[in-house]
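Asks: Take the sequences, apply the hints, and build the full model.
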Amino acid sequence: MSTPSLRYRLAARGFDGTTLLVLPGLAVMLGLFIYPFFYGLADSVMPKEGAWYANYVAFFSDPFQYRTIASTLWLALPVTIVNLAFAVPIAFRVRLMTRQRLLTTILVLPITLGTVFVADGLLTFLGPQGWFNRVLVLVGLLDAPVKLTNNYWGVFASLVITGFPFAFLLTLSYVTGIDPAIEQAAATLGANARQRFMKVFLPLLVPGLAVTFCLAFVQAFAVFPSAVLLGAPAGSTRVISIAAYQAAFEQYDHSLGTAIAMVMGAVELVVVLIVLGARSMFYRGPTGGTKG
Numbered sequence: 002m003s004t005p006s007l008r009y010r011l012a013a014r015g016f017d018g019t020t021l022l023v024l025p026g027l028a029v030m031l032g033l034f035i036y037p038f039f040y041g042l043a044d045s046v047m048p049k050e051g052a053w054y055a056n057y058v059a060f061f062s063d064p065f066q067y068r069t070i071a072s073t074l075w076l077a078l079p080v081t082i083v084n085l086a087f088a089v090p091i092a093f094r095v096r097l098m099t100r101q102r103l104l105t106t107i108l109v110l111p112i113t114l115g116t117v118f119v120a121d122g123l124l125t126f127l128g129p130q131g132w133f134n135r136v137l138v139l140v141g142l143l144d145a146p147v148k149l150t151n152n153y154w155g156v157f158a159s160l161v162i163t164g165f166p167f168a169f170l171l172t173l174s175y176v177t178g179i180d181p182a183i184e185q186a187a188a189t190l191g192a193n194a195r196q197r198f199m200k201v202f203l204p205l206l207v208p209g210l211a212v213t214f215c216l217a218f219v220q221a222f223a224v225f226p227s228a229v230l231l232g233a234p235a236g237s238t239r240v241i242s243i244a245a246y247q248a249a250f251e252q253y254d255h256s257l258g259t260a261i262a263m264v265m266g267a268v269e270l271v272v273v274l275i276v277l278g279a280r281s282m283f284y285r286g287p288t289g290g291t292k293g
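If you want the numbering used here, it's the 1-based position in the sequence shown plus 1.
Among the hints, erroneous ones may be present.
Result set (SDA-like, lysine to any residue): computed pairs, CA atoms no more than 20 Å apart in a straight line [what the hints assert, rightly or not]: (1) K200 x T189; (2) K200 x Q185; (3) K148 x G236; (4) K148 x N134; (5) K200 x A188; (6) K49 x I35; (7) K49 x A182; (8) K200 x G178; (9) K148 x K200; (10) K200 x A182; (11) K49 x Y253; (12) K200 x R94; (13) K49 x A188; (14) K200 x A187; (15) K200 x A211; (16) K200 x S281.
If you are wondering where the hints come from, they were derived from the structure by calculation, not from laboratory data.
Replies: Here it is, written out as structure tokens:
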């Protein structure tokens, strides 16, 4: 009995020509994520002085530093929830429109502007002498301009504007991927719009919405330009990215800055794991209701 060739034995274990197509992507991951991650981890445990954990002790023993975690979460979580809360109903409406491409282009336009451009525009629009305050004072809704910049709400508005297109595009892809025949079958059985959403759409959307939430949260948690330009960098919007920047480039302690960045990544990972773990509480069945 002849021995199978090496090519056949590798194919039987899942290593064939198709597998080789993964190698370029794997090389990119190694070069852009895995290597920098381990390099940063090694740098964070080599402080200027003290034990290997000195940077982490310095961060968590200083209230001015570790409170940036709560400040960043207080921005990122509400922004992510608001973006998803707007993205879901708008995506359901857009999927039924004939000029879906035109409206989608209009809705995602802010993502092409960049955070710095949006922040600069909001400084002019929401500032004390901006159009928003002038109109409200002119029509008599306000007696004096309301402060909407250099505080929490300015950063919040910027993150919603720049984060919504991202959440909307992902949500729209999941919504349009659900087979319309499933909704029609539920309607035929007497389910109203609310029942169809809760019993049909939501179970199929939960896995996708969980991923969208995680990606949108990570994007919002990494806020930096908006917190500097529209917020109060030494006050309520001193986010963890600002703490890492100041440690690395103002205090010239690159190791401490890297350690703060590692803490930032760990917090993001915890939230992502919680969200991905919680999605199983809503639906445990198959999600094979998509088209194609």
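Asks: Each hint needs a verdict: does it hold in this structure or not?
Replies: Tested hints:
1. K200 x T189: Given that 20 Å is the threshold and the Cα spacing comes to 14 Å, the pair holds.
2. K200 x Q185: holds, 13 Å
3. K148 x G236: holds, 15 Å
4. K148 x N134: Answer holds: K148 to N134 is near 9 Å, not above 20 Å.
5. K200 x A188: holds, 11 Å
6. K49 x I35: violated, 25 Å
7. K49 x A182: The given pair, whose Cα atoms are some 63 Å apart, is violated under the 20 Å limit.
8. K200 x G178: Holds. K200 to G178 sits at ~17 Å (cutoff 20 Å).
9. K148 x K200: violated, 43 Å
10. K200 x A182: holds, 14 Å
11. K49 x Y253: holds, 11 Å
12. K200 x R94: holds, 18 Å
13. K49 x A188: Violated, because 67 Å separates the two Cα atoms, which is more than 20 Å.
14. K200 x A187: Within the cut-off at roughly 9 Å; holds.
15. K200 x A211: Holds: K200 and A211 sit about 17 Å apart, inside 20 Å.
16. K200 x S281: holds, 15 Å
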